[in-house]
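> So the chains spell out like this:
Protein chains: 2
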Amino acid sequence: MAYRNIICSAFRDPSGPGFPAINPATGKALAGEFHSASLQDADDAMKGAEQAFQEYKNIDKDIKAAFLRAIADEISWLGDTLICRAAEESGLPVGRLQGEMGRTTGQLRMFANLVEEGSWVNAIIDVALPDRKPLPRADIRRMLVPLGPVVVFGASNFPLAFSVAGGDTASAFAAGCPVVVKVHPAHLGTSALVGGAILKAIEKTGVPTGLFSLLYDEGHDIGAYLVKHPKTKAVAFTGSFKGGNALIQLAQQRVHPIPVFVEMGSINPIVLLPEALNNRAQVLASQCAASIALGAGQFCTNPGLLLAIKSPALDTFKEALAAAIKETPSATMLTPGICENYGALSKAVLSANGVTLIAESPLVNTELKSQSVARMASVSATVFLSNKQLHEEVFGPYSLLVVAEDHAELTALVAALEGQLTATVMAEKGELQAYPELISTLTDKTGRIILNGVPTGVEVSAAMQHGGPYPATNDSRFTSVGSTAVYRFVRPVAWQDWDDDLLPDALKANNPLGIFRLIDLNWIKQ
Amino acid sequence: MAYRNIICSAFRDPSGPGFPAINPATGKALAGEFHSASLQDADDAMKGAEQAFQEYKNIDKDIKAAFLRAIADEISWLGDTLICRAAEESGLPVGRLQGEMGRTTGQLRMFANLVEEGSWVNAIIDVALPDRKPLPRADIRRMLVPLGPVVVFGASNFPLAFSVAGGDTASAFAAGCPVVVKVHPAHLGTSALVGGAILKAIEKTGVPTGLFSLLYDEGHDIGAYLVKHPKTKAVAFTGSFKGGNALIQLAQQRVHPIPVFVEMGSINPIVLLPEALNNRAQVLASQCAASIALGAGQFCTNPGLLLAIKSPALDTFKEALAAAIKETPSATMLTPGICENYGALSKAVLSANGVTLIAESPLVNTELKSQSVARMASVSATVFLSNKQLHEEVFGPYSLLVVAEDHAELTALVAALEGQLTATVMAEKGELQAYPELISTLTDKTGRIILNGVPTGVEVSAAMQHGGPYPATNDSRFTSVGSTAVYRFVRPVAWQDWDDDLLPDALKANNPLGIFRLIDLNWIKQ
Chain A
589 MAYRNIICSA FRDPSGPGFP AINPATGKAL AGEFHSASLQ DADDAMKGAE
639 QAFQEYKNID KDIKAAFLRA IADEISWLGD TLICRAAEES GLPVGRLQGE
689 MGRTTGQLRM FANLVEEGSW VNAIIDVALP DRKPLPRADI RRMLVPLGPV
739 VVFGASNFPL AFSVAGGDTA SAFAAGCPVV VKVHPAHLGT SALVGGAILK
789 AIEKTGVPTG LFSLLYDEGH DIGAYLVKHP KTKAVAFTGS FKGGNALIQL
839 AQQRVHPIPV FVEMGSINPI VLLPEALNNR AQVLASQCAA SIALGAGQFC
889 TNPGLLLAIK SPALDTFKEA LAAAIKETPS ATMLTPGICE NYGALSKAVL
939 SANGVTLIAE SPLVNTELKS QSVARMASVS ATVFLSNKQL HEEVFGPYSL
989 LVVAEDHAEL TALVAALEGQ LTATVMAEKG ELQAYPELIS TLTDKTGRII
1039 LNGVPTGVEV SAAMQHGGPY PATNDSRFTS VGSTAVYRFV RPVAWQDWDD
1089 DLLPDALKAN NPLGIFRLID LNWIKQ
Chain B
589 MAYRNIICSA FRDPSGPGFP AINPATGKAL AGEFHSASLQ DADDAMKGAE
639 QAFQEYKNID KDIKAAFLRA IADEISWLGD TLICRAAEES GLPVGRLQGE
689 MGRTTGQLRM FANLVEEGSW VNAIIDVALP DRKPLPRADI RRMLVPLGPV
739 VVFGASNFPL AFSVAGGDTA SAFAAGCPVV VKVHPAHLGT SALVGGAILK
789 AIEKTGVPTG LFSLLYDEGH DIGAYLVKHP KTKAVAFTGS FKGGNALIQL
839 AQQRVHPIPV FVEMGSINPI VLLPEALNNR AQVLASQCAA SIALGAGQFC
889 TNPGLLLAIK SPALDTFKEA LAAAIKETPS ATMLTPGICE NYGALSKAVL
939 SANGVTLIAE SPLVNTELKS QSVARMASVS ATVFLSNKQL HEEVFGPYSL
989 LVVAEDHAEL TALVAALEGQ LTATVMAEKG ELQAYPELIS TLTDKTGRII
1039 LNGVPTGVEV SAAMQHGGPY PATNDSRFTS VGSTAVYRFV RPVAWQDWDD
1089 DLLPDALKAN NPLGIFRLID LNWIKQ
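The listed protein sequences correspond, in order, to chains A and B.
All the letters of the first sequence, read from the start, carry residue numbers 589 to 1114 under our numbering.
All the letters of the second sequence, read from the start, carry residue numbers 589 to 1114 under our numbering.
No lab work stands behind these hints: they were computed from the structure.
Note that the list lumps identical chains together, so a pair holds whenever it fits in one copy or between two copies.
With a cut-off of at most 30 Å between alpha-carbon atoms, the simulated DSSO-like pairs for lysine-lysine come out as follows:
{"#": "1", "residue 1": "721", "residue 2": "1017"}
{"#": "2", "residue 1": "816", "residue 2": "976"}
{"#": "3", "residue 1": "976", "residue 2": "819"}
{"#": "4", "residue 1": "816", "residue 2": "830"}
{"#": "5", "residue 1": "788", "residue 2": "819"}
{"#": "6", "residue 1": "906", "residue 2": "1033"}
{"#": "7", "residue 1": "1113", "residue 2": "1096"}
Just so you know, these numbers come straight off a predicted model, no measurement behind them.
Could you build all of it, start to finish, from the sequences and the hints given here?
See the structure below:
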């Protein structure tokens, strides 16, 4: 396993001392030494990316698809080597990482299919109308073209699906953009392995070597430099509210503004309606507890907030939830720092006025470090509405049940929420019709609204929307999961009165790619 | 004609002294007194807009279409009253304003058709796969929903097509967003008339009154307040580089980031290739001169830069261009301030080292004020490349011919350009094939690339892209002209496992709206 920075598909020999990867469960260093990239490395990466873009932006769509599939294949072939390194570095269970590997290769193949099919470029054709009065109409044809080099930040909580070859990278490559990855320090060796897989795919499919660079950094200098680099045309980041806002501020210092996609915190409210609680309090408690504890609560869709109206059924739900939380074994968190933060934040909330502990799991594995303890608290709606601290994300296996006095107070709770990635309603058939205002307000605040399911488990598909109003993300108009994530990295160009043989294939008169094109409000393949 | 601020479709009585509209051709005040809105007026407008949004976001698409058509009808019916007031206030000729009125009503009707047809919401449906292994897939359905209240700034150079009921307002209403307009001081009475037309359309179609407010301001306070208001969900602005950047900086002070669409300056290069010059130097000169002088050069697509390789044919072109410029009569500019700026800027450029005057029109109407004088200069590529001042927009009937020594220097010129709204190439059949790098670089820098046409005269259609890389706009991913302008004001929402009867009509199983929906990579109406 090579531990050097990768600049335009080539390993670069390091200078200066290195730093190790840490196993959060043991607190000990893992094999290998990593080296922070220099600003020169980062500059070379961006310049190489810009050069590669000149070729890659026009590359045949089938080569692009083959490249994406080759990355998926190479990652699959890493098999247990990758899974085990990721498990050691992240503390995540092997089963979860196997699932995440499937998601990662699956989304690479999904983008390959999208690119191969070709209609995603949204070609729109307005043919010339030479006889129109008072003025003739020119022939205008428009399609989406890639923006240029994209900087991707690895995400702590998805070592595979949101990092080196995760959704951001896959969608940028699909769009036609080179990628420069800033590795997350929580999974250094995993990133090196996946970086190696991308190198092999580049070699096998013959795409430009400048398409990919991989940079390590023990601090924040390289990330900041990349965000401000003039050749950077977009940035994708998934992480904390603090980190995301720091990136936004860095980007605001640029002379040329670029799109920066920052996915931050979300508390993903679940609204439990009375009839649902009456009919299935136990089942709902099991569902919620499992979703809260999944992956040690380290999902951006973790349900950190449960909203309900007080009732005997809610008491039953609360008891069942407490029992389930108490049966939740501790789990290794991603890094010692994340574990410390979780402990501090969850305890700070629990010490706030009016907040009561419902349950805390006693099942702590004392053999391992960085252990999360599942915690569940409750609070009245009045207190919740008056204390903004309680609206903030606590990253880990924690959730807060907010108890409203009545329907009106439940609606007021929803109205007081910040923007969210997801919102969930648990309701019986026919029950929702009594809550039109609540549902309308909840929809305004989220990117995905779920009925009778849990928010964790984000499907990677065409209709997925993973992105909601601030502070969930900084731009609710885009998604970081699913095939439409590709639209973050493109812009439209219109060709006016261009000769047919000089037009991109997607816009030629006889539609040589056989794609859907929008002509006179009709999506047709003619 | 009522000259009061309009708050949520109601006129508000002013307090304090007023200010007049100025006829730039005479420098004299026109009939009527206008009053700056107060911050309270602006706050009431935004709060009313947010309330109206709750109803309008779900309104039947046919009512929305009827509303857009009613605005078009009401504007048409204003007829010469509107045209004459606009001519007095803007100095623009009646013929031009008649054309602009047609464009304005035409684009309102285009958006009505788009909304009525309905497929623009880009519905994507992934049906449930309950038997999928290892995990079942939920039913996920996604469509675009409106963002909320939009603040629109009137543009000096389009009193009708880009102001009170112009493209920004029409596309925001089409998206499902209320609009609060900050009137441009260059056409106060025109704005009052058009505002009245919108009020009538609101009344006739019964849409919520909070959908529309119209605010005057002698200074900049109201605009700044609106950009920072928490209920503002998007901003659209067309104007100067300085004004646009001021808005961007104001928006960066917001707690909740919102999309701000700023269209600024552009010099819209025309590249004249050698064979085209050889074969039709005279014709090209006439075309260019007409485009440069059109509307006193006050178009965002005004060709402020001509690029060519030195040759005898270029000399012929230059002579013909000089002759045409000398035959260009002066015209009234939009405001005395714009005229002063034009004089100062064009003269500053002409006094720069290495810049030579090609021609200046002697045809100055001394009876009228705010008169533009068409000017044309030339410079060598070397000087142009070394002086950034020459790359900046000079708003008015001015253009700069940059003469390259050879093909390589012409390509270097294109590579040195900033982002542009448009780029044009004049070339003979087959000539372009010799300039692949030039064309590729030019395309990277623009939103619309034109072959053998002029950039002025922006078609309002589905395939139009009016928006290019910075500093042409701050976000090249969107357009402010054409039907896809609607996508500036929407975001996607995904419904997961929602009951069919509770879904928006666009997502229901039996497709009651009969729209195109994307299912398994196919756009179908089933």
